[in-house]
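Student: Chain by chain, the residues:
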Amino acid sequence: MKSYPKYFTFWHILAHYGLRFCSLLVLAFLMLPILVIIPLSFNVEPFFSFTEGMLALEPEAYSLKWYAEIWHDDKWLLAIKNSFFIGICATLIATVLGTLAAIGLSNPAMPWQKLWMAILLSPMIVPLIITAAGMYFFYSQLNLAGSYLGVILAHAALGTPFVLITVNAALSGFDYSLVNASLGLGARPLTTFFKVIMPLIRPGVISGALFAFITSFDEVVVVLFLAGPEQRTIPRQMFSGLREQINPTILAVATLLIVISAMLLFTIEYLRARSERIQSGELDS
Amino acid sequence: MDNNSLSVEEILQSKRLLKRKKRMLLAFTMPLLIFVFITFISPIATMLYRSVYHPTVSQLIPLSLAELNTWDEAGDQLPNSQALKQFAIELQGLSKERLSGKLAEEINRLKPGSSSLIKSSARKLKKKSLEELQQNGDTLLLGYSKKWQDINLWRAMKRAGQAFTDSYYLTTFDLKRNAAGEIEQRDTQIYLKLYWKSLKIALIITFLTALLAYPLAYYLANAPSKIANRLMVLVLLPFWTSLLVRTTSWIAILQTNGVVNSTLQALGLIDEPFEMLYTQFATVIAMTHILLPFMILPLYSVMKNIDPSYFRAALSLGARPVPAFVKIYLPMTIPGVSAGALLVFIISIGYYITPAIVGGTEGQMISNIIAFHMQSSNNWELAAALGSLLLALIIALYWLYDRFVGVNNIKLG
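Going down the list, the sequences are from chains A and B.
The first sequence runs contiguously to residue 285 in my numbering.
The second sequence runs contiguously to residue 1413 in my numbering.
By construction, these hints were calculated from the structure, which means they are not laboratory data.
List of simulated lysine to aspartate or glutamate pairs, EDC-like, C-alpha gap at most 16 Å:
#1 Lys1226(B) with Glu269(A)
#2 Lys114(A) with Asp1402(B)
#3 Lys1197(B) with Glu1362(B)
Have a look at the derived ranges for each label pair, beta carbon to beta carbon:
#4 Asp1402(B) with Lys195(A): 34 to 40 Å
#5 Leu25(A) with Thr1361(B): 30 to 36 Å
#6 Tyr176(A) with Trp1399(B): 27 to 33 Å
From a predicted model like this one, the values you see are computed outputs, not experimental measurements.
Quick reminder that beta carbons are idealized off the backbone N, C-alpha and C, glycines included.
Chain A with its partners taken away, still in its complex shape (with noise of 0.2 Å):
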């Protein structure tokens, strides 16, 4: 058995336990719901609920049909297609932008920099409804609404918030006279951005990137109001399964967006720690 201070009574290793456990249960309310759902995707019955074969393991209780499914129905992969190229066309714009703008703002000689700050996240705090409703009204001026354009461009300004959040810290501790040190060695600017700024704060932009990737490919409100038919998604596609008839390829689909939100989830944290390594020095670019 672990030691414990002398000052330690019963009743405060008690307490240690209690907590725990206690932090047991709240980590099983975090996870089991997401892992219920992936056996359920193995059912051969059309149900949401374990069969009584599947908790006696019985091999014919599970089946791989939901999968098959997916590949056999138009509107999923239709779905699939859209969710990736609007996400990554939405990516692009706003790691570009976003990166831009934070090496401008993270500056302390930035005017305004609290007002611009507050406006560029903006779309991360307002409401998904409020940012679809006003997306409607004003896209439908422009005929923007129910194209792809449309959609690209609402999702990019919504991804926008979190590349200027990782960029700004991964800039934070930048030496700047790193900068002016390659342009009085005679550098051009672009060089100096891709040879001196990019290295040191890519890890930054990468993952912002990955946010803002997440963020449109997770998204429905917007592309509730504001795509037509066209531009359904994969959230779009659940969202509308979810409402209408239940139907266990959802849980597949939801399977296999856990294995890639797990995927992004190493990427980001392995990233994370490799900019931490950068900013103690322990790293060279």
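Starting from the known structure of chain A, arrange chain B on it as the hints suggest.
Tutor: Chain B alone, transformed into the frame defined by chain A:
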């Protein structure tokens, strides 16, 4: 540096350099500012404008309204015969273009019961010739129904014709103007109740997330870092998982023959399944699950920076654990609790998707009624007014968040 040691030229030179630097920085930021203004700020501004601007009636009967503007609505006289004739002509025109129903709907909002009157009169006017209407359109109109003699109907028409209106904001506060133009309460309170209900749901969710997050964050902050880092993945994975995936799982868990009910029945604890899906309970539990990481992460980062020796010192000096915790540890975590609570509250008050899917009718929030007015009832102006009010609420909360936490302290992951 001592400015006296610099010459005037040198000071001017450095000022020029600083100006050039500022222009450079602005040039970096400008593309995003312009982009966000066009794609995001303008839509929000359009919505705010939409909540007070409603030109439908003024576009349907512009000439009649011009006549009505010269009429003294406070008196007890009907508008003059010229105004009535003009209205009869325009109503006939609308009838031919199948737009009279739209006018009827608009006027009916201000003066209930006038819809059928306008529609039936429009039908009868359709057959008349233009000369006939120009000569005695007024007597024809008044002959169709006694209701046209009602001065309040004409007052309502004049008011509906104003392109800028506060009526949608009055509606969001469950108020209205009566026929005489005074503000009074509506018979049924819908929107105030809904706002209270949304605030209540958001408060319950904030409280539940704080209750669940506190012990976990404490444990993670004080566990050996190797264990804490591994367990942190279990917090971050749900945070990263698609909102719709998590909402889907709550359907699987809560539905009538879902995981909870079938387990309880298999264990013989209940005979009849609980009705849990499509209730306020479902909204609260699903949203608590979704927003819990937003509470854990700020709490964890605050607790991580608290020196544990304070609490240990209190214990070793003989303080009982509970008073020591309440007096020493709890006050130091208040910044984390308030940051997490404000964040969860701000996010939950404007939530749409989860209540729409699992909430049924009783678990709906403000956002859902905004979506309803956008998509089903097509009352866009009311949706815009409700949205503007929600926006004002969020901005106020966000201002509080900035004061107490600081916007620049938002961290991701």
